[in-house]
Amino acid sequence: MFKIVKKKKLNTQVKLMEIEAPHIAKKAEPGQFIIFRIRENSERVPLTIADFDRKKGTVTIIFQEVGKSTKELGTLNEGDNLLDFVGPLGVASDLGNVKKVAVVGGGLGTAIAYPQAKKLHSLGAEVHTVAGFRNKDLIILEDELKAVSNKLIIATDDGSNGTKGFVTDVLKNLIEEGNQYDLVIAIGPLIMMKFVSELTKQYNIKTIVSMNSIMIDGTGMCGGCRVTVGGETKFACIDGPDFDGHKIDFDEAMRRQGMYKKLETTATSKHKCKLGGDENA
Amino acid sequence: MPNMSPEKIAMPEQEPNKRNKNFFEVALGYTEEMAIEEAQRCLQCKHKPCVEGCPVNVKIPEFIKLVAEGKFKEAYVKIKETNSLPAICGRVCPQESQCERFCVRGKKGEPVAIGRLERFVADWYIKNIDSKSDVPKKNNKKVAIIGSGPASLTCAGDLANIGYDVTIFEAFHVPGGVLVYGIPEFRLPKDIVKKEIDSLKEIGVQIKTNMVIGKVFSLDELIEEGYDAIFVGSGAGLPKFMGIPGENLNGVYSSNEFLTRVNLMKAYKFPEYDTPVYVGKNVAVVGGGNVAMDAARSSKRLGAENVYIIYRRSEAEMPARLEEVHHAKEEGIIFKFLENPTKIIGTDDGWIKGIECTEMELGKPDESGRRKPIAKEGSEHIIDVNSVIIAIGQGPNPLISSNTKDLETKKWGGIIIDENTGATSKEGVFAGGDIVTGAATVILAMGAGKKAAEAIDDYIKNK
Ligand SMILES: Cc1cc2nc3c(=O)[nH]c(=O)nc-3n(C[C@H](O)[C@H](O)[C@H](O)COP(=O)(O)OP(=O)(O)OC[C@H]3O[C@@H](n4cnc5c(N)ncnc54)[C@H](O)[C@@H]3O)c2cc1C
Ligand SMILES: Cc1cc2nc3c(=O)[nH]c(=O)nc-3n(C[C@H](O)[C@H](O)[C@H](O)COP(=O)(O)OP(=O)(O)OC[C@H]3O[C@@H](n4cnc5c(N)ncnc54)[C@H](O)[C@@H]3O)c2cc1C
Ligand code: SF4
Ligand code: SF4
Ligand code: FES
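Protein sequence lines, in the order shown, are assigned to chains A and B.
1 is the number of the first residue of the first sequence in the working numbering; add one for each residue after it.
1001 is the number of the first residue of the second sequence in the working numbering; add one for each residue after it.
It is worth saying that the hints were derived from the structure and are not from the lab.
Nothing false has been slipped in among the hints.
The calculated BS3-like cross-link candidates involving lysine-lysine, where the alpha carbons are at most 25 Å apart (straight line), are:
(1) LYS234/A with LYS1240/B
(2) LYS1411/B with LYS234/A
(3) LYS1405/B with LYS27/A
(4) LYS1281/B with LYS261/A
(5) LYS1208/B with LYS56/A
(6) LYS27/A with LYS1208/B
(7) LYS1405/B with LYS26/A
(8) LYS1142/B with LYS27/A
(9) LYS26/A with LYS1142/B
(10) LYS3/A with LYS1208/B
(11) LYS1426/B with LYS27/A
Over 12 Å on every C-beta distance to chain B, these chain A residues come out as not near it, computed from the model:
(12) ASP137
(13) GLU176
(14) ASP182
Just so we're clear, the structure is a prediction, and the values are computed from it rather than from any experiment.
Using N, Cα and C, we set each Cβ at its ideal position, and we do this for glycine too.
Generate coordinates for the entire structure from the input sequences, incorporating the hints supplied.
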């Protein structure tokens, strides 16, 4: 059993939890993830290791409540336990030899990018962070990002806070202003990572994206998380989740992400219908 | 007087048309009377050819004689002398190519139903004997076992029995390896696997789930932590794909993913269990082994109307257990022999709508001794399907070897061992089962676990 030692609401859909898992905290590196399961009938769900404290023996996760499992996780409280918590999985991000980096986070992706920004900052790189959100109520981790960034630009789609517009526009401006990045890290919705990669390709800047494929085992056993990278099949859980953004087949990845949409709706509506009596159940 | 009937006593089974809609066990097991009657077919041959066919040399005529005498408990003890998982082997061993293949009764008629008798004895024991084993006297030496498939379970049991402190590290949240994530409930009820694992816990074996070795601990760290030796039984968990166009369309599964969703995550009970699985109206399963049969029969049970097995050789070459092929046919699975997929065809929004296949003919035997399939030119045709499950084999899981520098592997990924001891190139580390041989059988994995347990005992004693 894995105890929730801290819970915090970051915005209406996003929560942070610190989980007691000393052996994972000891080994975790930025770019890696865990898989959790709440109870006996639950799915195995992957989440990025947003932070870790080797001394306290805790791992921080930040999650958006999008479906059955993440919503249920959100109902748990400090002191409750998760049945399973396995990690650290995936390959740690390769962050050596970077002098100047643009870290681009879209929505929840900002949380996934945060440990990379933090590590790069601690290694002495100049970190420019661009974090995009749909509106100002959804902004997360502003203070944490500020602490690890030499420059932080927050963009909102509707201009309700910070710069109005998409992260791609902001990144383009930064590049056009003469910032010479030797790396761009882009993490967020697939469509955002696709457009960032298309942009940086024009400027020939190395770009890492994080592929959040649907996963089960996370150990390279099932192949469900496969993505096409430079024409080759790779498994996001053991070859990634970080990949070269210029080589990913994003269109295929977007189709695969939608595979269980209909079925997941069944699971969620059945969950709800205990109260309402929805005939989708 | 032996029973000279040329046929085995029939196995009571669920009706094909009922069972292809549920996940309960297909074969229901002999009654005591049936077992005694079948046991009387054994001629008690002096030269015991059947024993030679069994990879762990179960004392076949001896245990069968005890069954014939109604001494089921004694029969169980006899089997357990060499086989630690009889309830499992009785169900899943390919008997027709092992013990039963050499049975003299098989020359005229059917061989003695050795597997069914083994299963009967084990089930009888589980049902009737309330056995509690004592924790053996400890020798204060620690062994770490990676993975919890049959190789690991056997190695763990043997070592714990002679006093070792054994800890199993398993990546998944449930122990059992392929026995729980691969082989479906209707062929091997998970309760049986659980009982075997519980009996290991009784003798003091510790099981730590959620531990991906190579990530959370390296082998070197385990040694530093004070383990005197390590056994790696991490299995053949690397799915093979065909490398044909369309393999990443929605609705294409590796057999590993499909079966893991269904068995380990219990997607057949969705939405009571949260994990979904997608099964189309028409399903194509590519391959001809046990894995393909399991995937096809599971698909049928999950509601598919037409399930095709697409196999590139002929029926005679199919590696699946005879009984599974027979059961699959009864359940309405459609076999397409001598056909090879060349392309998976998708809709505009990325879902499967068909699979293109080429007809094959058999040429000369290849390295494996099986006749090599050759494509017939111009024979391409499309079968309408909405899901495809690829069951063409698994490679060794590379997670441990890729994270352990001094562990030598073959080019295809299998860990290299000394055949006699299971010792690897790394001091104190032993290996066995599918991680060494590539995808093989439960009983061979058990045999490897057993051999390694003896060698580990030797190694630690002489350290
Ligand atoms: C390596 C990795 C790291 C991740 N890190 C984080 C993280 O730090 N924080 C976080 O909130 N989420 C993260 N995700 C995504 C998270 O795993 C999914 O949001 C989660 O599986 C949804 O489960 P659910 O049962 O709540 O929703 P479901 O009911 O399963 O799904 C709800 C909707 O989300 C879609 N979906 C399902 N799985 C995924 C997925 N893997 N990625 C995106 N959409 C999906 C479904 O198609 C559906 O439309 C990560 C995924 C991976 C693979
Ligand atoms: C669907 C299917 C049907 C089959 N049917 C039959 C049959 O009818 N008869 C038969 O004889 N054989 C059958 N087989 C083959 C048989 O199951 C295998 O040969 C056997 O299970 C191999 O045993 P093993 O102990 O080597 O490994 P496995 O059973 O594969 O177990 C390996 C275990 O190690 C764990 N692991 C892997 N890496 C790590 C790591 N880094 N850290 C921790 N744990 C790890 C895995 O999660 C797994 O639990 C079938 C196989 C499949 C897939
Ligand atoms: S273990 Fe398998 S091969 Fe050996 S006797 Fe039993 S069923 Fe036959
Ligand atoms: S070969 Fe057949 S008949 Fe002879 S001892 Fe073995 S099981 Fe009995
Ligand atoms: S999640 Fe199964 S191989 Fe990646």
